[in-house]
Each structure stands twice: as structure tokens, then as C-alpha cells.
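> Fit chain B to the supplied structure of chain A, relying on the hints for placement.
Spelled out from the first residue to the last, the chains are:
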Amino acid sequence: MSASHVEGKLPHEPEKATLEGRNKVLGFWLFLGGETVLFGTLFSAFLALRHQVLDGNPTSQELFKLSTVAIATLILLVSSLTSVFAIQAMHKNQVKAMLNWLIVTVILGFGFLGLEIYEFYEYVHEGHKFSTSAFSTSFYTLVGFHGAHVAFGVLWITGLIIQIATKKGLTVVTAPKVYVAGMYWHFIDVVWVFIFTVVYLMGKVG
Amino acid sequence: MANQHSTTEEQGKRHRHEGPQKHIVAFIFSIVLTVIAFALVAAGEINESFIYIMLLAMAVLQVFIQMSFWMHMKDRGHLFAIVAILFGVFVVLTIVVMAEFWTWW
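As they're listed, the protein sequences go chains A and B. The numbering used here puts the first residue of the first sequence at -13, with every later residue one more than the last. The numbering used here puts the first residue of the second sequence at 8, with every later residue one more than the last.
The shape of chain A in the complex, shown without the other chains:
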């Protein structure tokens, strides 16, 4: 394996070993600050429009099923934990364990996406289309944007797994990439916490 010759020679926290790595992490935090604003605007649009439903079109109380949302929440929460394990394995220089945890994370990410696609499919069949009401438009924009972030994260981490497993191995160049992808994945989970709270649970209350 190309990774084996690196084994034992990496510093304690390889993502912070070089200035470039530290800058990458810092830059990513600034990006996450911007992402917070992006999702905040979508949340504010949803909050303003969530009661704007015409007579006869489904409301949030009729539409949402808490069981589906609970499963999606559990999947994403567990995947966040497995990506923590991946970073911890990276800190111990266990490349194989790191890759395995990343693979588990990606599989859970696909599970979440499948559930969300199924959920949207059901909603459309119940007459809740993108253009049905201001509520449906703001709902699909907010939740769909989060889903798109999950899809991007899944592709990103898959790319990293392929690059590290087949070509580069774990180095001070690839370690910051994995660390930053882990941050991104946690951020997606953090956004989901507010989505299941504000969109689904509050939508169920009224």
C-alpha cells in the first residue's frame, strides 16, 4: 500500500502540521459562517411563509410524519459520530480505520438522501408540489438546499476516500482535506437539528 510508508511518521495532528493546512481550516470556518447566513435566509423565508396555504392544499400538520423525520435524524446523527471516529483514527494514524469510518459515513449519507427523496415523492403525491403554495415553495427550498448539501458532502467524501486509498495516502496535504470534510459533515448535521426543530416539529405543533 502506498500509505504504509507514511505510517508512524505523521505529526500528532497532521491537519495542523503545515501553515497551508491551518489556513485551510481557518478559511473553512469563515465559509461556514457564510453558510450560516445562507441557511438563515432560507429559514427566515420559511418562517414568514409557512402558514401561507390556500384552502384545500395540505398544511404542515396534515403532511409531516414524525416517524420518517425521526429516522432521518437518527441516521444523520450517527453519521456525524462516525465522521468523528474517522478524524480520531486519522489522529492515531490508522489510515484503514479512518477510511472505513468515512465509508460508513458515506453509506449513512446515502441512506438519509434516499429517505428524503422518498419523503418528497410522497408529498408530491399528496398534492404538495413545489408551486402549490408559498409554504410548499419555501419548504422545498430550505429542506432541498440541505439535501443538496448532503449530496455534495457524500460526493466530496467519496472522492477523498478514493484519492487517499488509491493514490496519495494520508499525508500532511490530504489530512486537512479529511478534517475539513468532517467539519462540513458536522455542519450539515447542525443545520438538520434546526430543520427538524423549526420545520417539522414546530410545523406539527401549529
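You can trust all of the hints, since none of them are fake.
Heads up, simulated DSS-like pairs for lysine-lysine below, C-alpha to C-alpha not over 30 Å straight-line: (1) B:Lys81 - A:Lys10; (2) A:Lys10 - A:Lys78; (3) A:Lys(-5) - B:Lys81; (4) B:Lys29 - B:Lys81; (5) B:Lys29 - A:Lys78; (6) B:Lys29 - A:Lys(-5); (7) A:Lys(-5) - A:Lys10; (8) A:Lys(-5) - A:Lys82; (9) A:Lys153 - A:Lys10; (10) A:Lys2 - B:Lys29; (11) A:Lys82 - A:Lys10; (12) A:Lys10 - B:Lys29; (13) A:Lys154 - A:Lys2; (14) A:Lys115 - A:Lys190; (15) A:Lys(-5) - A:Lys163; (16) A:Lys153 - A:Lys163; (17) A:Lys163 - B:Lys81; (18) A:Lys(-5) - A:Lys154; (19) A:Lys154 - A:Lys82; (20) A:Lys78 - A:Lys(-5); (21) B:Lys81 - A:Lys78; (22) A:Lys163 - B:Lys29; (23) A:Lys153 - A:Lys82; (24) A:Lys2 - B:Lys81; (25) A:Lys78 - A:Lys153; (26) A:Lys82 - B:Lys81; (27) A:Lys2 - A:Lys78; (28) A:Lys190 - A:Lys51; (29) A:Lys51 - A:Lys115; (30) A:Lys154 - A:Lys10; (31) A:Lys154 - A:Lys78; (32) A:Lys153 - A:Lys2; (33) A:Lys82 - A:Lys163; (34) A:Lys163 - A:Lys10; (35) A:Lys82 - B:Lys29; (36) A:Lys2 - A:Lys82.
In short, the hints are calculated from the structure, not lab data. Here the structure is a predicted model, which means the values were calculated and not measured.
Then chain B, alone, in the frame of chain A:
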């Protein structure tokens, strides 16, 4: 180069690697907070504004735990991270309050 590497390695050993325990504790806390939030809504028949406040409190607490431990925001050298996220939160609070309380005046 070789010397540099060995010194960083020794430092790494002295610091010792953090175990998974506190991350698992953070996970359990997240699960508990999530279950409480879902149970509150599933139970129903409770004062609406009380549920809203409780739900928001659970979400904020869970996000705080996850960002502190999983995203290492509580660790040293994360001042700019805190500044970036707080700036985002400040903007978000402004527009959310605007949307929630002024749009349909």
C-alpha cells in the same frame, strides 16, 4: 527533518490521543435532547408557546454541544471560528426576527 519528526512524535505521545468517550457522551446527549423534543410534540395537549420555547432550547443546546465537541470549537486556537460563527448567528437572528415578527404586520 528526521529530528523534527521525532520531536513532534514525542510531543504527540506526551499529549496522548483523546479517547472516544467524550464524543460518545456528546452523542448520547444529542440523542436524549432529540428524543425529548420529539416526545414533547408527540405528546401534544401542552401549551403551544411553552413547546416552542422548549424545542428551541433543545435545538440550541444540542448544536452547542455538537459544535463544542465534534467541531472542536471549545479547543484552543478557535477564536476566529467563534467570531465567524457568531457573525453568522447575528445576521441570522436579525433576518429571522424580521421575517417572523414584521412580515405580516
